[in-house]
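If you want the building blocks of each chain, they are given just below.
Number of protein chains: 2
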Amino acid sequence: VAYILQNNLLPALNGDAKTMNFLQEVVDIMLAYIVESFDRSTKVIDFHYPNELLQRNNWELSDEPETLDDILISCRATLKYAIKTAHPRYFNQLSTGLDMVGLAADWLTSTANTNMFTYEVAPVFVLLEYVTLKKMREIIGWQDGRGDGIFSPGGAISNMYAMLLARYKMFPEVKEKGMSSVPRLVAFTSEHSHFSIKKGAAALGIGTESVICIKADERGKMIPSDLERRIIEAKQKGYVPFFVSATAGTTVYGAFDPLMAIADICKKHDIWMANSMTWNPHKMMAVPLQCSALLVREEGLMQSCNQMQACYLFQQDKQYDLSYDTGDKALQCGRHVDIFKLWLMWRAKGTIGFEAQIDKCLELSEYLYNKIKDREGYEMVFDGKPQHTNVCFWYLPPGVRYLEDKVEKMKRLHKVAPVIKARMMEYGTTMVSYQPQGDKVNFFRMVISNPAATFEDIDFLIEEIERLGQDL
Amino acid sequence: VAYILQNNLLPALNGDAKTMNFLQEVVDIMLAYIVESFDRSTKVIDFHYPNELLQRNNWELSDEPETLDDILISCRATLKYAIKTAHPRYFNQLSTGLDMVGLAADWLTSTANTNMFTYEVAPVFVLLEYVTLKKMREIIGWQDGRGDGIFSPGGAISNMYAMLLARYKMFPEVKEKGMSSVPRLVAFTSEHSHFSIKKGAAALGIGTESVICIKADERGKMIPSDLERRIIEAKQKGYVPFFVSATAGTTVYGAFDPLMAIADICKKHDIWMANSMTWNPHKMMAVPLQCSALLVREEGLMQSCNQMQACYLFQQDKQYDLSYDTGDKALQCGRHVDIFKLWLMWRAKGTIGFEAQIDKCLELSEYLYNKIKDREGYEMVFDGKPQHTNVCFWYLPPGVRYLEDKVEKMKRLHKVAPVIKARMMEYGTTMVSYQPQGDKVNFFRMVISNPAATFEDIDFLIEEIERLGQDL
Numbered sequence: 001v002a003y004i005l006q007n008n009l010l011p012a013l014n015g016d017a018k019t020m021n022f023l024q025e026v027v028d029i030m031l032a033y034i035v036e037s038f039d040r041s042t043k044v045i046d047f048h049y050p051n052e053l054l055q056r057n058n059w060e061l062s063d064e065p066e067t068l069d070d071i072l073i074s075c076r077a078t079l080k081y082a083i084k085t086a087h088p089r090y091f092n093q094l095s096t097g098l099d100m101v102g103l104a105a106d107w108l109t110s111t112a113n114t115n116m117f118t119y120e121v122a123p124v125f126v127l128l129e130y131v132t133l134k135k136m137r138e139i140i141g142w143q144d145g146r147g148d149g150i151f152s153p154g155g156a157i158s159n160m161y162a163m164l165l166a167r168y169k170m171f172p173e174v175k176e177k178g179m180s181s182v183p184r185l186v187a188f189t190s191e192h193s194h195f196s197i198k199k200g201a202a203a204l205g206i207g208t209e210s211v212i213c214i215k216a217d218e219r220g221k222m223i224p225s226d227l228e229r230r231i232i233e234a235k236q237k238g239y240v241p242f243f244v245s246a247t248a249g250t251t252v253y254g255a256f257d258p259l260m261a262i263a264d265i266c267k268k269h270d271i272w273m274a275n276s277m278t279w280n281p282h283k284m285m286a287v288p289l290q291c292s293a294l295l296v297r298e299e300g301l302m303q304s305c306n307q308m309q310a311c312y313l314f315q316q317d318k319q320y321d322l323s324y325d326t327g328d329k330a331l332q333c334g335r336h337v338d339i340f341k342l343w344l345m346w347r348a349k350g351t352i353g354f355e356a357q358i359d360k361c362l363e364l365s366e367y368l369y370n371k372i373k374d375r376e377g378y379e380m381v382f383d384g385k386p387q388h389t390n391v392c393f394w395y396l397p398p399g400v401r402y403l404e405d406k407v408e409k410m411k412r413l414h415k416v417a418p419v420i421k422a423r424m425m426e427y428g429t430t431m432v433s434y435q436p437q438g439d440k441v442n443f444f445r446m447v448i449s450n451p452a453a454t455f456e457d458i459d460f461l462i463e464e465i466e467r468l469g470q471d472l
Numbered sequence: 001v002a003y004i005l006q007n008n009l010l011p012a013l014n015g016d017a018k019t020m021n022f023l024q025e026v027v028d029i030m031l032a033y034i035v036e037s038f039d040r041s042t043k044v045i046d047f048h049y050p051n052e053l054l055q056r057n058n059w060e061l062s063d064e065p066e067t068l069d070d071i072l073i074s075c076r077a078t079l080k081y082a083i084k085t086a087h088p089r090y091f092n093q094l095s096t097g098l099d100m101v102g103l104a105a106d107w108l109t110s111t112a113n114t115n116m117f118t119y120e121v122a123p124v125f126v127l128l129e130y131v132t133l134k135k136m137r138e139i140i141g142w143q144d145g146r147g148d149g150i151f152s153p154g155g156a157i158s159n160m161y162a163m164l165l166a167r168y169k170m171f172p173e174v175k176e177k178g179m180s181s182v183p184r185l186v187a188f189t190s191e192h193s194h195f196s197i198k199k200g201a202a203a204l205g206i207g208t209e210s211v212i213c214i215k216a217d218e219r220g221k222m223i224p225s226d227l228e229r230r231i232i233e234a235k236q237k238g239y240v241p242f243f244v245s246a247t248a249g250t251t252v253y254g255a256f257d258p259l260m261a262i263a264d265i266c267k268k269h270d271i272w273m274a275n276s277m278t279w280n281p282h283k284m285m286a287v288p289l290q291c292s293a294l295l296v297r298e299e300g301l302m303q304s305c306n307q308m309q310a311c312y313l314f315q316q317d318k319q320y321d322l323s324y325d326t327g328d329k330a331l332q333c334g335r336h337v338d339i340f341k342l343w344l345m346w347r348a349k350g351t352i353g354f355e356a357q358i359d360k361c362l363e364l365s366e367y368l369y370n371k372i373k374d375r376e377g378y379e380m381v382f383d384g385k386p387q388h389t390n391v392c393f394w395y396l397p398p399g400v401r402y403l404e405d406k407v408e409k410m411k412r413l414h415k416v417a418p419v420i421k422a423r424m425m426e427y428g429t430t431m432v433s434y435q436p437q438g439d440k441v442n443f444f445r446m447v448i449s450n451p452a453a454t455f456e457d458i459d460f461l462i463e464e465i466e467r468l469g470q471d472l
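Chains A and B, in that order, give the protein sequences.
For the first sequence, UniProt numbering assigns the number 1 to the initial residue and increments by one for each residue that follows.
For the second sequence, UniProt numbering assigns the number 1 to the initial residue and increments by one for each residue that follows.
Treat the hints as calculated values from the structure; they're not laboratory data.
Source: prediction; values computed, not measured.
Heads up, the beta-carbon is just placed ideally off N, CA and C, and yes, glycines get one too.
Heads up, some of the hints might be wrong.
Claimed, not checked - Distance windows between CB atoms, simulated:
#1 A:Cys-213 / B:Lys-415: 55 to 63 Å
#2 A:Thr-67 / B:Lys-235: 32 to 40 Å
#3 B:Pro-183 / A:Asp-69: 55 to 63 Å
#4 B:Ser-304 / A:Pro-183: 41 to 49 Å
#5 B:Gly-141 / A:Asp-144: 55 to 63 Å
#6 B:Ser-304 / A:Asn-57: 27 to 35 Å
#7 A:Lys-406 / B:Gly-141: 55 to 63 Å
#8 A:Ser-225 / B:Glu-299: 23 to 31 Å
#9 B:Ser-304 / A:Gly-384: 38 to 46 Å
#10 B:Gln-319 / A:Ser-41: 20 to 28 Å
#11 A:Lys-235 / B:Asp-63: 41 to 49 Å
#12 B:Asp-28 / A:Leu-72: 19 to 27 Å
#13 B:Arg-401 / A:Asp-28: 55 to 63 Å
#14 A:Thr-67 / B:Asp-28: 37 to 45 Å
Said to hold, decoys possible - Dumping the calculated DSBU-like pairs for lysine-lysine here, alpha-carbon to alpha-carbon at most 30 Å:
#15 B:Lys-360 / B:Lys-409
#16 B:Lys-371 / A:Lys-318
#17 B:Lys-18 / A:Lys-18
All chains should be built: construct the whole structure from the sequences, respecting the hints.
Pasting the structure below:
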């Protein structure tokens with residue numbers, strides 16, 4: 001106890017100046033970092049290799065406490081070597097930027113330090129989740145915004161929930177009796193879909209071989225006729241198609257699967273598809289990480305699928321309306337409060353504010369596309385305008401551009417993006433993702449979700465790629 | 001775009017006074033809330049029924065943006081109706097209190113706004129996770145701290161990971177082929193264990209009927225002989241026992257299962273038990289929510305169990321040591337940074353600081369036990385000193401205490417705790433949990449994890465129970 005009292009951090013006594021000064025000092029460090037993050041003259045990243053970074057600071061944990069001054073030093077060091085995800089030239093992921101209202105809301109969430117499982121312990125946050133999920137369902141277009149939903153720790157878990165619900169809807173006995181009580185189930189998804197569909201199938205005991213990948217067209221959209229063919233084929237083998245995952249904005253191409261055509265096929269074959277939707281506000285809506293919702297059309301299904309009615313958590317003899325105790329819908333017991341940052345940002349921007357912010361990112365993507373589509377040394381991975389903010393392209397340095405041996409050219413081109421990316425990180429000037437796809441060698445995948453980015457930042461990216469890649 | 005610029009929240013331009021003032025105002029609101037939270041003269045909760053709370057404020061989301069002043073009003077309203085989980089008289093959960101260093105660290109985590117999936121996007125946090133997991137494995141006692149692990153969104157998910165790994169270890173083909181490729185698996189857990197074991201079994205396609213509940217003794221500890229009997233019985237039926245979950249501190253009684261005896265049985269029958277451990281620093285270590293780790297003894301197992309090698313996320317031709325790209329071990333894709341608050345608190349307290357803090361909570365529990373064990377009107381749910389901070393007891397108001405009809409007495413007693421709890425919330429003076437267990441009617445379960453609590457707060461709890469319950 002001596003050590004706690006010595007540091008005098010708890011309790012934060014009324015007027016405890018030392019505690020309040022400490023918190024304010026951390027705030028000042030953060031405010032300086034925020035200003036710096038948006039400043040184009042600072043580095044996106046101060047990159048060091050793992051072993052080097054391990055040695056640049058003392059990160060070890062020991063028996064004895066450090067002083068509060070040491071703690072402040074650790075805070076500064078942590079931010080010094082962090083990626084500035086808010087930097088207008090950080091294009092590495094679809095979750096970039098730092099919204100000031102979202103940030104404030106996340107700070108407040110930490111301060112409230114509670115759990116989503118019952119109304120009793122999170123009255124306001126439970127209601128805000130209720131209000132927000134309803135609003136989201138209205139936007140999806142479900143009648144009167146009816147249905148259900150939950151905020152989960154990321155899109156992969158939301159997708160897993162969807163698969164879990166689809167299976168339970170078709171075979172409710174699976175909850176008690178397991179997969180051995182049901183016929184062989186098969187799920188379908190685009191060959192361009194997110195890897196979480198297969199991860200979910202592996203975890204749920206369905207198996208990755210029961211996830212059938214449907215062909216996509218050259219722009220990355222699932223081909224409905226191939227889907228129907230594979231459904232019929234699966235049925236002929238005696239398998240039971242139970243789940244189709246369609247994607248609105250694939251990871252690499254940003255492709256939108258033809259949702260209506262797929263929904264029609266699913267309706268015809270009685271397969272789960274438009275019954276749920278994963279919606280990640282931490283992506284294009286730029287809500288701080290993490291914020292992902294699964295919306296479900298049928299009321300009551302999540303509850304019956306997941307509930308275990310633990311009497312020590314969900315007492316049935318409490319004084320208030322127990323339908324607000326949403327915790328038993330979840331796979332989690334404790335569930336982090338991810339709702340407040342979305343709700344507060346929505347209040348600050350309104351729906352039209354989100355719309356404007358996303359439109360701006362789309363505009364920047366189109367600007368990039370127009371800039372490079374006919375530019376010497378660039379080749380687009382697929383024809384036509386960007387389908388979302390994703391712009392996929394190769395940069396061919398002069399030494400690769402004119403090679404006549406196609407095999408050699410592809411071999412060399414495959415190595416270009418990784419080298420340019422490594423150099424971007426060494427210089428710390430910008431970051432953009434790359435990957436191969438199918439038989440296509442490594443290409444850049446540009447995505448834009450930071451409303452702080454401008455046309456000039458796009459110009460900079462292109463100049464930087466050329467500067468760093470011209471000798472390759 | 002006009003609306004974003006109008007609110008001028010993004011970008012946070014260098015010296016953008018409006019943005020900085022807004023953030024500082026939110027900080028001031030939070031600092032005032034913190035001081036208030038530790039002040040015993042304030043309410044733990046300003047309780048309102050859900051419908052009433054929905055009407056006390058405008059919580060709706062609309063097309064148009066609100067002003068920044070409205071946003072500040074929303075922040076104040078949210079905290080006004082929140083539970084003060086840091087209040088020294090809030091005993092409702094095992095995650096209470098508000099550690100100032102942990103809070104500062106969580107604020108900083110929000111400010112860094114990144115993801116745990118690769119070293120590329122979270123260099124410092126990935127290293128801190130590495131350092132901290134190793135330290136935790138050393139404390140568990142695994143040789144040289146070797147092994148693996150991951151921070152997951154809560155203990156229920158950590159437990160699900162453990163079950164997933166145990167299944168994969170025994171039948172690696174389950175990943176591709178699903179549960180239909182393996183014999184009927186059965187898991188074992190105490191009848192007093194957390195409901196997440198059954199939830200996990202339902203989700204993983206194992207089924208809740210394949211979770212066999214082992215008898216606990218009167219103090220809530222799993223009975224090893226019953227475990228072995230049920231394992232042998234399951235084998236005789238042709239089932240495959242693959243997983244035993246033992247608990248160190250059960251939810252209600254705080255009981256510690258006899259880990260050594262259970263481990264011996266598991267070793268003998270080749271069943272997963274001491275191979276992994278779920279450790280929730282957001283409970284007794286009082287780290288802000290959420291912070292849960294799964295520690296795994298075998299290196300490489302998590303990776304092979306969960307990896308999908310999505311080339312768009314885990315490029316294999318990057319410049320640094322790719323063993324630091326830990327994301328493919330996880331079921332999640334994006335993973336929230338839960339490590340920094342634990343790491344920074346550990347630095348601030350040292351291991352001995354955590355020890356002192358937990359010892360203090362244990363001391364308070366023993367004080368409570370000693371105070372009520374012979375006090376008139378109280379009855380302990382089981383004999384003997386508390387096994388952890390949990391103290392389980394009935395309060396019998398005078399009107400119930402002397403009833404001779406046992407059935408009537410139990411019926412009346414069952415209603416006492418819910419009424420007292422509802423009154424606690426109405427008055428906002430304190431909160432403590434209650435529940436029935438087996439054939440035992442509703443009793444109070446006291447737990448203490450807030451180092452800000454004192455002997456006087458325990459005295460207050462008892463006085464308050466008597467004040468609110470004497471007329472029942």
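Open item on the list: Hinted pair, alpha-carbon criterion (30 Å max): Lys-371 of chain B, Lys-318 of chain A. Please report holds or violated.
Closed with: Roughly 28 Å between the alpha carbons, so the hint for Lys-371 of chain B and Lys-318 of chain A holds.
Task: Cβ separation of Ser-225 of chain A and Glu-299 of chain B, checked against the hinted range 23 to 31 Å - done: violated (46 Å)
Open item on the list: For the hint 41 to 49 Å, verify it against the beta carbon of Lys-235 of chain A and that of Asp-63 of chain B.
Closed with: Holds, since Lys-235 of chain A and Asp-63 of chain B (Cβ atoms, about 45 Å apart) stay within the stated range.
Open item on the list: Range first: 55 to 63 Å. Now tell me if the beta carbons of Pro-183 of chain B and Asp-69 of chain A are that far apart.
Closed with: Cβ of Pro-183 of chain B to Cβ of Asp-69 of chain A: about 59 Å, so the range 55 to 63 Å holds.
- [ ] With 41 to 49 Å as the target window, see if Ser-304 of chain B and Pro-183 of chain A comply at their CB atoms.
- [x] Given a distance of about 28 Å, which is not inside 41 to 49 Å, the answer is violated.
Task: 55 to 63 Å as the expected CB spacing between Lys-415 of chain B and Cys-213 of chain A, which holds or is violated - done: holds (57 Å)
Task: Whether the CB-CB distance between Thr-67 of chain A and Asp-28 of chain B falls inside 37 to 45 Å - done: violated (26 Å)
TODO: Given the hint that Lys-18 of chain B pairs with Lys-18 of chain A, test it: the Cα-Cα distance must not exceed 30 Å.
DONE: Satisfied, since the Cα-Cα distance of roughly 28 Å is no more than 30 Å.
Open item on the list: Quick check on a hinted range of 20 to 28 Å for Gln-319 of chain B and Ser-41 of chain A, using CB atoms only.
Closed with: The hint (20 to 28 Å, Cβ to Cβ) holds, given that Gln-319 of chain B and Ser-41 of chain A are roughly 25 Å apart.
- [ ] With respect to the beta-carbon atoms only, verify the hint that Lys-406 of chain A and Gly-141 of chain B lie 55 to 63 Å apart.
- [x] Cβ of Lys-406 of chain A to Cβ of Gly-141 of chain B: about 58 Å, so the range 55 to 63 Å holds.
Open item on the list: Looking only at beta-carbon atoms, does the pair Arg-401 of chain B, Asp-28 of chain A fall within the given range of 55 to 63 Å?
Closed with: Cβ of Arg-401 of chain B to Cβ of Asp-28 of chain A: about 58 Å, so the range 55 to 63 Å holds.
- [ ] Confirm or reject the claim that Asp-28 of chain B and Leu-72 of chain A have a C-beta distance inside 19 to 27 Å.
- [x] holds (20 Å)
When each numbered hint is compared with the structure, violations occur for hints 2, 4, 8, 14 and 15.
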